[in-house]
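Counting from 7, one number per residue, gives the positions in the sequence shown under the numbering used here.
Among the clues, some could well be false.
So the derived label-pair ranges between C-beta atoms look like this [said to hold, decoys possible]:
#	residue 1	residue 2	range
1	N166	G64	28 to 34 Å
2	K203	I46	16 to 22 Å
3	L92	I67	56 to 62 Å
4	R15	K80	50 to 56 Å
5	R15	C49	18 to 24 Å
6	N63	R36	32 to 38 Å
7	E161	E66	52 to 58 Å
8	A201	L13	51 to 57 Å
9	P29	T8	17 to 23 Å
In case anyone wonders, no lab produced these hints; they're calculated from the structure.
Ideal placement from N, C-alpha and C gives every residue a C-beta, glycine not left out.
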Amino acid sequence: MTDLEILQRAKQYIDSLANGYDPLSGQPVRDDDVVNQVRISRCLFYVSGVLQKVIDNGGEIQRKKQPKPPKSVKEPFFLTHEQIVLLRPQNTALSATKVAGIANELIDDEHMKKLKGTDIAGWLLSVGLLQEVESATGRKRKVPTQNGEMLGMKETSFINEQGVPTQYTVYDKNAQQFIFDNMETLIAFIHEREAEK
């Protein structure tokens, strides 16, 4: 017997029980039998209907796809000139992600994409202040060029949760100010990259 034939047989048995008949003998079941209770009978009819849908679908169970809620389209990151002049560098060296966080405090992130550390690093790479090098593990990472170091970018490291030394670039007050002073150029770079996608 194929799976489809087994499903058809199971549906016949359930239909018989739902109608108050013994599926093997075809005789009516006693009035006090559990299958004659209304709630049980309704459940059996429901299961019969589900099996019929599976049979009609060639034995395949087809789940209804839940419609995804429409994804809200966010505007690309942008700051007005008035917002840019409000950007203030910190006295401590920060990662690119933390520098981006300063700018993100000025936007409505429900309707606008946030500035990311990778946006800053990508732009700095494009203007020659960062360069890509391959680590001992074969992964590419961005490190300051000589010009980047002169501007206040330096590589630092920490021990991660797995006990592995991890390197990353930090930006001192001067480097942060350079990023803020060139925010319009950085924003144009981000928009160009978005347009290429």
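Against the structure, the hints:
| no. | hint | in the structure |
| --- | --- | --- |
| 1 | N166 <-> G64: 28 to 34 Å | 52 Å, violated |
| 2 | K203 <-> I46: 16 to 22 Å | 58 Å, violated |
| 3 | L92 <-> I67: 56 to 62 Å | 57 Å, holds |
| 4 | R15 <-> K80: 50 to 56 Å | 54 Å, holds |
| 5 | R15 <-> C49: 18 to 24 Å | 19 Å, holds |
| 6 | N63 <-> R36: 32 to 38 Å | 36 Å, holds |
| 7 | E161 <-> E66: 52 to 58 Å | 56 Å, holds |
| 8 | A201 <-> L13: 51 to 57 Å | 53 Å, holds |
| 9 | P29 <-> T8: 17 to 23 Å | 20 Å, holds |
Of the numbered hints stated above, those contradicted by the structure are hints 1 and 2, listed in ascending order.
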